[in-house]
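Undergrad: One letter stands for each residue in the lines below.
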Amino acid sequence: MKANIHSIETMGLFDGPGIRTVIFFQGCSLRCKYCHNPDTWTTKTNELHSIDSLVALVKPYKNYYESSDGGVTLSGGEPLLQSEFIIEFAKALKAEGIHVALDTSGIGKNNEDYRELLKHIDLVLLDIKHYSKKGFHDMTGRDNSNLYSFIKDLNNSNAKVWVRNVIVETINDSEEYIKKFKNFTDQIKNINKIELLPFHKMCNSKYDALDYTFPLKDFNETSQEKIDYLEEKLKNII
Amino acid sequence: MFNKGNWNEEINVNDFIKNNYTEYLGTDEFLEGPTKRTKEIWKKCEKLLQIELNQGIYKVDSDNIAGINNFEPGYIDQENELIVGLQSNEPLKRIINPFGGIRMVLNSLKQYDLEVPSKLDPFIKGLVKTHNDGVFSAYTEQIKNARRCGLLTGLPDAYGRGRVIGDYRRIALYGIDYLLKEKKKDYHSITDFTDENNIFLKENLKLQIKALNEMKEMATEYSIDLSKPAKSALEATQYVYMGYLAGVKENNGAAMSLGRVSTFLDIYFEKDLKENKLTEKEAQEIIDDFVIKLRLVRHLRTEEYNELFAGDPTWVTESIGGLTNDGSSLVTKTSFRFLNTLNNLGSAPEPNLTVLWSDQLPKGFKKFTTKLSIETGAIQYENDDVMRPVYGDDYSIACCVSPMATGKESQYFGARCNLPKALLMTFNGGVDEIKEIKVFDQIEKLSTESYLDYDHVMQQFRKVLSEVAKLYANTMNIIHYMHDKYAYEAGQMALHDTVIKRNMAFGVAGLSVIADSLSAIKYAKVKPVRNENGITEDFIIEGDFPKFGNNDDRVDQIAVEVLEYFINELRKHESYNGSKPTLSVLTITSNVVYGKKTGTTPDGRKKGEAFAPGANPMHGRDQMGAIASLKSVSKIPFEGVCEDGISNTFTITPNSLGKDENARVTNLVSILDGYFNDKAHHLNVNVLDRKTLKDAQKNPHNYPNLTIRVSGYAVNFNRLNKEQQDDVINRTFHERM
Numbered sequence: 001m002k003a004n005i006h007s008i009e010t011m012g013l014f015d016g017p018g019i020r021t022v023i024f025f026q027g028c029s030l031r032c033k034y035c036h037n038p039d040t041w042t043t044k045t046n047e048l049h050s051i052d053s054l055v056a057l058v059k060p061y062k063n064y065y066e067s068s069d070g071g072v073t074l075s076g077g078e079p080l081l082q083s084e085f086i087i088e089f090a091k092a093l094k095a096e097g098i099h100v101a102l103d104t105s106g107i108g109k110n111n112e113d114y115r116e117l118l119k120h121i122d123l124v125l126l127d128i129k130h131y132s133k134k135g136f137h138d139m140t141g142r143d144n145s146n147l148y149s150f151i152k153d154l155n156n157s158n159a160k161v162w163v164r165n166v167i168v169e170t171i172n173d174s175e176e177y178i179k180k181f182k183n184f185t186d187q188i189k190n191i192n193k194i195e196l197l198p199f200h201k202m203c204n205s206k207y208d209a210l211d212y213t214f215p216l217k218d219f220n221e222t223s224q225e226k227i228d229y230l231e232e233k234l235k236n237i238i
Numbered sequence: 239m240f241n242k243g244n245w246n247e248e249i250n251v252n253d254f255i256k257n258n259y260t261e262y263l264g265t266d267e268f269l270e271g272p273t274k275r276t277k278e279i280w281k282k283c284e285k286l287l288q289i290e291l292n293q294g295i296y297k298v299d300s301d302n303i304a305g306i307n308n309f310e311p312g313y314i315d316q317e318n319e320l321i322v323g324l325q326s327n328e329p330l331k332r333i334i335n336p337f338g339g340i341r342m343v344l345n346s347l348k349q350y351d352l353e354v355p356s357k358l359d360p361f362i363k364g365l366v367k368t369h370n371d372g373v374f375s376a377y378t379e380q381i382k383n384a385r386r387c388g389l390l391t392g393l394p395d396a397y398g399r400g401r402v403i404g405d406y407r408r409i410a411l412y413g414i415d416y417l418l419k420e421k422k423k424d425y426h427s428i429t430d431f432t433d434e435n436n437i438f439l440k441e442n443l444k445l446q447i448k449a450l451n452e453m454k455e456m457a458t459e460y461s462i463d464l465s466k467p468a469k470s471a472l473e474a475t476q477y478v479y480m481g482y483l484a485g486v487k488e489n490n491g492a493a494m495s496l497g498r499v500s501t502f503l504d505i506y507f508e509k510d511l512k513e514n515k516l517t518e519k520e521a522q523e524i525i526d527d528f529v530i531k532l533r534l535v536r537h538l539r540t541e542e543y544n545e546l547f548a549g550d551p552t553w554v555t556e557s558i559g560g561l562t563n564d565g566s567s568l569v570t571k572t573s574f575r576f577l578n579t580l581n582n583l584g585s586a587p588e589p590n591l592t593v594l595w596s597d598q599l600p601k602g603f604k605k606f607t608t609k610l611s612i613e614t615g616a617i618q619y620e621n622d623d624v625m626r627p628v629y630g631d632d633y634s635i636a637c638c639v640s641p642m643a644t645g646k647e648s649q650y651f652g653a654r655c656n657l658p659k660a661l662l663m664t665f666n667g668g669v670d671e672i673k674e675i676k677v678f679d680q681i682e683k684l685s686t687e688s689y690l691d692y693d694h695v696m697q698q699f700r701k702v703l704s705e706v707a708k709l710y711a712n713t714m715n716i717i718h719y720m721h722d723k724y725a726y727e728a729g730q731m732a733l734h735d736t737v738i739k740r741n742m743a744f745g746v747a748g749l750s751v752i753a754d755s756l757s758a759i760k761y762a763k764v765k766p767v768r769n770e771n772g773i774t775e776d777f778i779i780e781g782d783f784p785k786f787g788n789n790d791d792r793v794d795q796i797a798v799e800v801l802e803y804f805i806n807e808l809r810k811h812e813s814y815n816g817s818k819p820t821l822s823v824l825t826i827t828s829n830v831v832y833g834k835k836t837g838t839t840p841d842g843r844k845k846g847e848a849f850a851p852g853a854n855p856m857h858g859r860d861q862m863g864a865i866a867s868l869k870s871v872s873k874i875p876f877e878g879v880c881e882d883g884i885s886n887t888f889t890i891t892p893n894s895l896g897k898d899e900n901a902r903v904t905n906l907v908s909i910l911d912g913y914f915n916d917k918a919h920h921l922n923v924n925v926l927d928r929k930t931l932k933d934a935q936k937n938p939h940n941y942p943n944l945t946i947r948v949s950g951y952a953v954n955f956n957r958l959n960k961e962q963q964d965d966v967i968n969r970t971f972h973e974r975m
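Residue numbers (the working numbering), protein chains in the order written: chain U, 1 to 238; chain D, 239 to 975.
The reader is advised that the hints may include incorrect statements.
[To be verified] FRET-style restraints, in silico, Cβ to Cβ: (1) U:ASN155 with D:ASP782: 21 to 27 Å; (2) D:ILE967 with U:THR42: 30 to 36 Å; (3) D:ASN937 with U:GLU176: 39 to 45 Å; (4) D:ARG700 with U:LYS193: 24 to 30 Å; (5) D:ASN937 with U:ASN155: 53 to 59 Å; (6) U:ASP113 with D:GLN697: 55 to 61 Å; (7) U:ASP143 with D:ILE967: 45 to 51 Å; (8) U:LYS152 with D:GLN795: 58 to 64 Å; (9) D:GLU278 with U:GLU176: 54 to 60 Å; (10) D:ASP964 with U:ASN192: 43 to 49 Å; (11) U:ASP113 with D:ASP964: 54 to 60 Å; (12) D:ARG928 with U:ALA56: 55 to 61 Å; (13) U:GLU225 with D:ASN806: 55 to 61 Å.
[Unchecked claim] List time: in silico BS3-like cross-link candidates among lysine-lysine, alpha-carbon distance up to 25 Å: (14) U:LYS226 with D:LYS897; (15) U:LYS62 with D:LYS917; (16) U:LYS179 with D:LYS897; (17) U:LYS206 with D:LYS897; (18) D:LYS601 with U:LYS62; (19) U:LYS201 with D:LYS932; (20) D:LYS701 with D:LYS609; (21) U:LYS59 with U:LYS160; (22) D:LYS834 with D:LYS673; (23) D:LYS673 with D:LYS765; (24) D:LYS929 with U:LYS62; (25) D:LYS609 with D:LYS917; (26) U:LYS226 with D:LYS929; (27) D:LYS873 with U:LYS59; (28) D:LYS834 with U:LYS62; (29) D:LYS897 with U:LYS235.
[Stated by the list, open to error] For the chain D half of the interface with chain U, some residues (derived, Cβ under 7 Å), not all of them: (30) LEU330; (31) ALA864; (32) ASN905; (33) GLY912; (34) PRO938.
What the hints contain is simulated information worked out from the structure, not anything from laboratory work. We put the beta carbon where it would ideally sit given N, CA and C, even for glycine.
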C-alpha cells in the first residue's frame, strides 16, 4: 500500500502542539477560496511512499518531538481521501510512541466510517469552513453533509479536538459569525482548543505557477489584531 | 571570606568558582534597566560609532606602536566611568600594530589616506623583523601558489593570529604580584637546555614576566592597583578588564576573545550584594559599563581583510552558562546581567555572546536567552554537552566556535582550506581552475571523456586531500613558528599555565558544496566540460541526486566521510610545538570570497557563486524544512573529528517561529533542545524577515542597531558591503508557507 504524498515539512510549528513533521497528502475534493496549498488539490500521482518509508522518514525526529511534546501531523490536501493508508500509517506511528494529529476538513469519501481510523489518532485538527450549509458551499464549492458523519464518529472516539476556522475580512469576521460558529462547534465533544487562523496571501505565487486564479487575491490579509480581538470575543461566549 | 579549596594552593580559578558560585534558577524578573549615567555614556559612544560608520574608521593613533603600556590613558567621560581603560588615549582610536606584518599596516594607512609615522621606519627598513617577514622567508612556491589561487585563504600570516585567551580572571583572583611570583619560580626552574623547547619556554617566560609588570604599570596610569587580589565586584570587573585590555593593546589578532568571566565575577557580586555594599541597579551598572568598553575594541584592518571577516568583528567572545562536571549549571545572576546589556544598551554584535547550551540548563535561563535571541539576533548557542567531555567544565570559546580549557590550553589559528577547489584540482591534475596555476605536481589528470565514476573520483580526491593536508600542515607550522618568534603574545600567555596544551586549528570551507558535488557524481550522471586547456569549466548533470540538508544519509554521510578522512590526513603530520590538530567547519564571511575564487562545481553551483556559510546546506537546497536541515548538520561529529567547531546559521521569520512571543520562545527552546540532544555543536539564530533586510539595505539610517548572526559571530548589518548583504539576504529563510 502506498500513499500519494505532496510534500513533507519537518518544522511544523502550527499544526498541532510542539514541533511536528507534517505529511501533506496529495489530493483534495474541496476548493476553498482561501486555500494556501492549491498544488495539493489534484489527485494525480506526485510522490509515492510506503508506510515503512514514511515511518523511517519521521522516526529520526523523535528527539524533537520529545523536546517539544510534538509529533506527526497528517495533513494535505485531504488525508481522509487516503483513509486506508492513514489507518495503517497512524497505527505504525502509535507503535513507535509518536503523537499523531490529523488535520482535516472532515470531508472524505462518501459514506465512510472513520471509527477505526480515529482509534489511532491523538488529536484532530478540524477545519470548519463555515457553520452553515450555504456558507460552506460558497467557500468550498462542495456540500458539507459528510462533515456530520465525521463529527459523529469523532464524538464516539477518544481523540482530542482542536477546531479551526480561517478568518477572511468581510466574509466571516463579524461577531455574529463568531457566535454562530461557536454554536456550531457545541455539537463536537472533546474540544480542547478553538483556533481562529488569519487569512494570508503568501500562496499567491503558487496560484500563478499553476495558472489558477486565486479567488481571494483582492481581499486583505487578516491582521493578528483582528484574530486576537475575535478570539477574545469567542472566549466570552458562554 | 571565600570558601577555601585547591585554589588557595595553586592557580586554579575553576576550583575557586566551583567552591564559591551561586547557581541561579530563577527568571529575568530581578534584572534592572540602565541608569541615567549608563545611558549618557552610551549616547556619547553612539555618536562616535556613527562617525566611524560613515568614515569607515574613527581615528588612528599615529604616535605610538602596539604594546601593553605604550599609550596614555584614555576615557569616554572620566568623571562618570565606573570601569576605565581604552586601547589608546581615545575611544575607537585604532592602534598601529606592525609586529604581525608591516605591509598590512601600510595598506590600511594608505586606504584611509593617513601619513606613515616615522616610528614605523625600522619595520619598513627591515631593521625589526615581523611575523610576516618570517613567514615569507620560509614559504615555498607551492604554498604561495596555494594562497594565490585561494586553496588556502585567511591564513594569519600577515597580522596577529588571535584565538589566544588569557585567563583574565587570574588577575582579579590572585593579583599580579602572586602571578609574577609563580612565573618567576617557573622561570628559575628551567636549567636544562638539552631540549630546545626549554630554551623557547625560558625566553618566553622572561617576556611574560615583563608583560605582567607592564600590565601593572598600565593600570597604575589609570590609578588602578593590580598587585593584590580584587576586594569587591567593581574591582574584580575592573581587574579582569585590565587583563583583557592589555591583550588588545598588545595584539591585533583576528579574534581577541574574553573567555568565561560572568560566573566568576558573580561570586564577587553576590558577596557585595549580600553585604549590602551594592544594589542590583549598581551591579547591572558595572556590567553595563564593562560591556560598553568591550563594544569599543577595534583593530586596524585592510579592505581585503574586511572581505574575509566582514563588519569589523573583534570576537570579544564571552561564554555564558554550561554545566559543571557534576551536572549543576554554571548559570548565575551575572550570566543574566551580561545578556541584559542587550536590553540596556541595545543590540550589538560585540561582545560575541555565546550561550553554552545543555538540556539541563535552568528553564528560566533558556527562556531568557531565546527571548533575547528573537529580539536582538545577537546570541549564538554552542553545545556544552559535547564540549565538556573533551575540554572540561571551564573552557572558553575563542573566536566563533573554538573551545579551549581556559588558561590551560591555547590555539594556533589556521583559517581554512577550500574543499571544492581541492575537488576541482582532482579533475584538473592539481591545477587551479581559475588562474590555471599548478599547485600539485603529483596529481594525474582524471581522464573524463565520459561520465564521472564515483569510486574513481573518490580515490583521486583522497590523493588530493592527502596532498592538501601535507601542504596545509607545513604552512601552519611555518606560520606559528614565526608568530611565536616575532609576535609572541606575552601578556596573554602570562595569564596561562606555563605548560599548556595547544591545538592546531585547521578548517574547511565549502562542505555542503563538496557533499552535493560528490552526491551528484554518485547518484546522478555528471560529465565535465573542459576548456581549450583541458580545465573544467562546467559540468553536465543528468538526473536528480540527494542534497545535504534534507536528513538524507546518502549524502550526509559523504560529508562526514570527507571530514574524517581529512582530519586523519592532517594528523599524519607532526604539528609545530607539540600541538594537536583539530578541525573546524567554519567560514566566517569568507564563503563569499571563496565562492568568487572557485569555478563551477559538479553540484550545479556556477563559477563565482558563494558557498553556504560554515556547515550550512546550500541555499534553497534544503527542501524538507528546517528540522531536516538541522538534522543533517548535527550528523557532523564534534568529538574526534571537528573538535574546533561546526558552525551553522539558522534564519527563520518571526511569524514562522510562532504566533506570539510566548510561542516563539517555547518553540526556539524546543528546537535548541532537539538539535543539541542530537550532539550538534553550534547554532546562530536569526529571527527576522527578508523584507527587513532589504529595507535596511536601502534605508540604513532606520536600522542603526540591526544585528544579525553570520558564521560564528554577529555583525551590524550596515557594516557589511553590498555583496555581503546580498549573500545574507539570499540565504535560506525558513518560512511557513
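Undergrad: So which of the earlier hints does this model not fit?
TA: Violated hints: 1, 4, 8, 12, 20, 24, 28, 30, 34; rest satisfied.
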